[in-house]
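Peer 1: Single-letter residue listing:
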Amino acid sequence: MDSVLSEDPVALKILIAGGFGVGKTTLVGSISEIKPLRTEEVLSDRGIGVDDLDGVEAKTTTTVAMDFGRITIREGLVVYLFGTPGQERFWFMWDELSYGALGAVVIADTRRLTDCFPSVDYFEQRGTPFVVAVNCFDGADQHSVDDVRIALDLDDGVPVMLCDVRRRASAKEVMITLVEHSLRTLTAAG
Amino acid sequence: MSETPRWLDEDAGPVVRPYALIRGRTRSSGDNLDLIATVSAVGEPPADLGPEQALILRVARHPISVADVAVELDLPVGVVRVMLGDLRDHGLISVSAPAAAGSRPNEGILKEVINGLRAL
Ligand SMILES: Nc1nc2c(ncn2[C@@H]2O[C@H](COP(=O)(O)OP(=O)(O)OP(=O)(O)O)[C@@H](O)[C@H]2O)c(=O)[nH]1
Ligand SMILES: [Mg+2]
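Residue numbers (the working numbering), protein chains in the order written: chain L, 104 to 293; chain F, 14 to 133.
The hints are simulated quantities; they were obtained by calculation from the structure and are not laboratory data. Take the hints with a grain of salt, since some may be wrong.
What the hints assert, rightly or not - In silico negatives: residues of chain F with every beta carbon more than 10 Å from chain L:
hint : residue
1    : Ala54
2    : Gly56
3    : Ala60
4    : Asp61
5    : Glu65
6    : Leu68
7    : Arg71
8    : Val72
9    : Pro89
10   : His103
11   : Pro111
12   : Glu120
13   : Lys124
14   : Gly129
Claimed, not checked - The calculated DSSO-like cross-link candidates involving lysine-lysine, where the alpha carbons are at most 30 Å apart (straight line), are:
hint : chain 1 : residue 1 : chain 2 : residue 2
15   : L       : Lys138    : F       : Lys124
16   : L       : Lys275    : F       : Lys124
17   : L       : Lys275    : L       : Lys138
The C-beta atom is built at its ideal place from N, Cα and C for all residues, glycine as well.
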């Protein structure tokens, strides 16, 4: 790289989490080109303790597709989006994804609010900045936003907002709210 | 099989055996490659490279993320990491960690991201 502006390229990642069918894929697709990224889930731990030297491990794996999106802010500054299922069995991916992550969007559906509890717990424990986006299935309203905040027992600082993940403008607003929240968290931490 | 044997010594550069690269392995030096680390092809690819490895070097002619390589090859990330680890061990790709991984992204960058998102 003999470019004059030889600043190191910066890559950031944002996680999109939430329960089954809550709108993760739709959100990623609304603001970026979406591609399926294949990962492997280890189904059994029988490989542990098996010597690697024979070259074959007794692991059973199944492929899990994650939503993968990319937003190029400018050359050398890219935001990657990863949408992962919220169930605990997928946490093997989350540990990696949340490392160094800028933040996370937890999508909530008021009809099945408990589905997003594991995601919220997870990010609270990891200290990953997150926002809760209430997807407006069946006319969720401002009232639902307040209910969600109480039901999830969120810290005051955690933004909760209504969204329609099918609309690009709404999806954008969610992302902006998250990055602003990350920025506040960052400056507060000094 | 009937190819003229090639001289392979220290000066001949890296030798990468086709397919032997990942068969049966689930661990390699590529394990720690971040999904959003950037890889770039470097050096001269040897002639006897496996098709997947050759494809990786082709898609990595311009810097590309590990995740994007997996998407391009339509292979699971785990397999791609093993191949990338080997290619790196053979000096055929260079890897640069995402500047923000593990450390906190700076304020200026985040402001830039916010403005960039607004402008989308
Ligand atoms: N009515 C309505 N439908 C929505 C909304 N958001 C998403 N959908 C639909 O709900 C369905 C599920 O959305 P997805 O984006 O696939 O949800 P997901 O979280 O990726 O689902 P899984 O990956 O299966 O967990 C799709 O058919 C969407 O079109 C919304 O705001 N309102
Ligand atoms: Mg989905």
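Peer 1: Are the hints correct? Go through all of them and say.
Peer 2: Evaluation of the provided hints:
no. : hint                : verdict
1   : Ala54               : 14 Å, holds
2   : Gly56               : 16 Å, holds
3   : Ala60               : 26 Å, holds
4   : Asp61               : 21 Å, holds
5   : Glu65               : 14 Å, holds
6   : Leu68               : 16 Å, holds
7   : Arg71               : 18 Å, holds
8   : Val72               : 13 Å, holds
9   : Pro89               : 4 Å, violated
10  : His103              : 19 Å, holds
11  : Pro111              : 4 Å, violated
12  : Glu120              : 7 Å, violated
13  : Lys124              : 7 Å, violated
14  : Gly129              : 3 Å, violated
15  : Lys138/L x Lys124/F : 27 Å, holds
16  : Lys275/L x Lys124/F : 15 Å, holds
17  : Lys275/L x Lys138/L : 18 Å, holds
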